[in-house]
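Novice: Protein chains in written order, with our numbering: chain A, 6 to 588; chain B, 4 to 131; chain C, 916 to 1168; chain D, 9 to 136.
The set of hints was computed from the structure by calculation and includes no laboratory data.
Where a beta carbon is used, it is the ideal one built from N, C-alpha and C, also for glycine.
All clues given are correct.
Looking from chain B toward chain D, a few residues come up when the C-beta cut is under 7 Å (computed):
#1 Tyr40
#2 Ala42
#3 His74
#4 Trp88
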Amino acid sequence: MDVIETDIAIVGAGGAGLRAAIAAAEADPSLSVTLLSKVYPMRSHTVAAEGGAAGVAKAEDSLDHHFNDTVSGGDWLCDQDAVDFFVAQAPKELIRTEHWGCPWSRTPDGKVAVRPFGGMKIERTWYAADKTGFHLLHTLFQTSMKYPSVKRLDEVYTTDLLIEDGRIAGVLAHEIRSGKPMVILARSVIICTGGAGRVFPFTTNGAIKTGDGMAMAFRAGVPLKDMEFVQYHPTGLPGTGILISEAARGEGGILVNKDGYRYLQDYGMGPPDPWPRKKAMELGPRDRLSQAFWQEQQKGRCIDSKWGDVMHLDLRHLGEAKIAERLPFIRDLALSYVGVDVVNAPIPVRPVVHYTMGGIHTDITAGTPVPGLYAAGECACVSINGANRLGSNSLTELLVFGAVAGRNAAAHARGVPMPSHTNALAQADGHRKRVVALLERSKGTESVVGLRTALNDTMETGCGIYRTEDSLRATVETLAVLKTRFANVAIDDKSGVYNTDLTGAIELGNMIEIGETMALSALQRTESRGSHQRLDHPARDDAAFLKHSMAHRVEGEAPRVEYRDVVITRSQPAERVYGGEAK
Amino acid sequence: MSRKPYEPTLPNTWWLEKPFYIRYMLREMTSFFVGAYVAILIVGLWQLSQGPDAWGSFLGVLSHPLSVIFHVLAFVFATFHTVTWFALTPRTTPIMRGDHFVPPGPIIGAQYVIWAAASIVVLAAVLW
Amino acid sequence: MSDTTTFTLEVLRYNPESDDVPHAESFSVPYQEDWVVLDALNWVKDNVDGSLTFRWSCHMAVCGSCGMMVNNEPVLSCKAFLRDYLKDGKGTITVGALKNFPVEKDLVIVMDSFMEKLEAVKPWIIRTTEKPVEEGTFIQLPKQLKRFKHHTSCINCLLCYAACPQVGLNPGFIGPAALALAHRYNLDSRDQGKDLRKDVTASEYGVWECTFVSACSEVCPKDVEPAGAIQEQKIESSIDWALDHLIPGRKAR
Amino acid sequence: MSKTTGRKTYTRANKPLVWFPFAGGGLVAALMLPVMIFVTGIAVPLGLIDAEALSYDRVYAFAANPLGKIILFGVLVLPLWHAAHRFRMTIQDLGARTSGSRSVVAALCYGFGMVFTLLCLAALLSFW
Ligand SMILES: Cc1cc2nc3c(=O)[nH]c(=O)nc-3n(C[C@H](O)[C@H](O)[C@H](O)COP(=O)(O)OP(=O)(O)OC[C@H]3O[C@@H](n4cnc5c(N)ncnc54)[C@H](O)[C@@H]3O)c2cc1C
Ligand code: SF4
Ligand code: F3S
Ligand code: FES
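Model the full structure from these sequences, guided by the hints.
Specialist: This is the structure:
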């Protein structure tokens, strides 16, 4: 096996991984940084983010406002020390990206423009038209090229973490184009592998969002935090799940049901006028909007389309000029994928799985319980998003905590020796057997597609927008079965070169494990909070569940879910108020 | 179990593959006629410097049917050159007015006006 | 899906472990009105042959992974609708790896050369002195942004490289997307690195290899206008060269 | 895994030397050549325009005038170089790819440009 020694290994080259690499390179240019990614960096799914990135920019805004919006948006499941740090760093990080060339949209006097976003009291979402993630990712990627200490290993697939004496020792990976296994020995490792939306069938997430990093950390003994909190975005295109950004509503778009009625006013989000009003109606938080769709669907008030039930997102009143300037990508997407020109017709939309609030347990230093192992971005859970992430907080999160992870990983790397080869190689051999087994099993009884479909189905039916004890139990049972069936999976492609059949199978294994933590954590949380809605337990229960759920892996069994107190510094849990009553 | 990327090469007939490329090749081929035509005129200029007789025989060659056929072709190609050259100008020299780019239409149109004017001046000078 | 129409998907396949040259393989695929070519490929991978290999991720025309030759035109397969190629859902669609690149396997190309060219043009803001974060953002007027904004939209899908004959004829040619990106930074009011970049863009592998075929801009799914970016740089670099040779001492940068 | 190894070194090329005349010549050709071809190659030989228009005396008078010389030089030599350069690239497009054949093509095309430029100069300078 090829062995590469590096001071800091970063797994994942999306927004978080690139920001971490830059931070590490700036913190100490003498340290070697190795950036691994299963796709070329600019293919990472950060590229798909449309709406914007939140950071206080206006004089009438304040860090406190951003803090309060975030904490109440997260239904008080946020760790408030982390949120405080986050809102304070947010503007600085965004300014940095501006200095690096990100083409932020501007006001007529040349300042960076901000737009309103769901659940945010004041406009503070920086945007680059409606391709914010794309511009941010390319800016970070291109900027990362100027640091000579950053070495990229593009299209290298990481399968496992290596641990030595309880601390991180590196990762096991293989080069996709040759199939060659490689061990990357590292003093510090940062996981930035993004979310796990692909566990669900209908998602805005790209093919690569299979929760690999979460599963790797989980297998290495790191708990996964708050996995039951999965965000549905209220406005995805039916059929494909392509996102119609919240920016469409931020700019003034409205949602109507089959009677042309703005139904959100029936769910505590009104009054409808004057519009737009921050934190009201269509600018409410995503969990509430997605849940309202479900309620309307029960009442038979959705629009019947060839893709099934939809609602209409109407932008016509914005006018062609504004649409062309602020929402060109949305216009293009709607035209291409549902044949609608938003200038003359409303867009059919429905809720779709979008974001995993939960993830690898980290603290405010981006560190995990394993010394030397850090995580940032969507795969991590520092707990700024709580039970429901506010739109536009996560792009900022990956900047803020990506940078923290990079700096802290550099500091850690300076203080520890290089892990030993023998130990790491022995471990790597052990892990590698799992991969080789997939390649060698010639007559398995199970196919990747079959299991993936079963996984997707059971997650959707049992662990969707609304959940019950029964539905979750059924899902947990199905997942246990899927886990054993996975041991018999066989693939068509046995070759070494660019074997996507193989990576697909490994991803499936990861997703089954992640799905199980989601369903089990959801089963045990007998309350409703943010994106986790239990029909059988509709109320929030602060006495029992103002806590993070921590799923630990148990070999050969279902995960064990424990709880951990939420950090509360200055905002006591209260009712989440949106609509006209929200100040 | 190892890499062996297939390295394709572009055949010399690549330009026959698509109408778009054929059009490009025709555009590039205008250079043959442009070059040949100015070379002929330069020869004519040289003949001019050799006196009236030489000039006269040059004019004689010009009125040979083969010459006329060549010049008709050259005229077609030269005009094609003009049209394609004008069409590309908005790409080479985008013009901003205020916060926006001037659309291609007016830029191309303006060139046709100049072309017409130049041609009229030449004709007028010849005919006067 | 009982009485579905099916069409033929003809894929140019290449398996480096058994083939010396690519060969066509046909699959019969159920037709769906909403499907794009990528959906059909995924259907084949899921239902017929798991070894069919191609890149994709976003399925929304923004990650740039899924460029291929469809009916011999470079397109994003996630934005190439079956209905635009077939009559009544019937017929044949051919799919092959992007032209002008080595083929790793099936529809996957080797794109190392592009990554090197991209890095070579120094696609980042270069400044003589960095602006401290405390001083806030730069002022950039909407018209200054507008000047280069379209050149920032490149998703590195490489369709332009597949369309440009000069890329195929001269492997060293830096090519449309990378040159457009260089221009994008040169035009950015926050940048001061134009001169450094010109050493690359105005080299013999740079803008001069372009013969203004314009196919790059024609196939670009994001209206980046690389053809224009290159011609503008030719003009600018020519003026620059002339001044360098006319004004003594100017060249010594 | 792909990592930029062994970075190429790039140095600025002297291409503007040929590119300037190419671009300038292209513009001049676009504006002037169609009408010129029409007059000298089609209309006069076919008698559509009176042959007097190109009589020795008239043309001589024009070419002897310093302003006329400048005009003729610009209208002939710029398109000449435009054509030489474009034709060279076209031959490359059609298959001259090795650096050896590229140099030969370049030498022939630019050589052609050089010869006719000198001929044009010689002609123009030979009478006043
Ligand atoms: C459609 C869409 C729109 C969004 N819009 C917004 C928005 O407007 N505002 C906002 O704030 N947030 C938005 N989000 C959320 C936000 O974009 C994501 O949370 C964020 O981009 C995640 O970034 P990341 O760096 O953590 O991961 P990603 O960008 O997903 O990158 C993951 C990286 O990990 C690598 N990787 C994964 N597994 C492996 C492995 N096994 N081996 C090696 N490498 C691996 C991948 O190659 C990739 O480079 C949106 C999300 C989606 C899906
Ligand atoms: S310029 Fe256009 S075609 Fe070329 S890589 Fe960029 S987006 Fe793709
Ligand atoms: S197609 Fe190629 S030749 Fe130039 S204009 Fe575009 S780069
Ligand atoms: S899959 Fe991302 S561009 Fe097609």
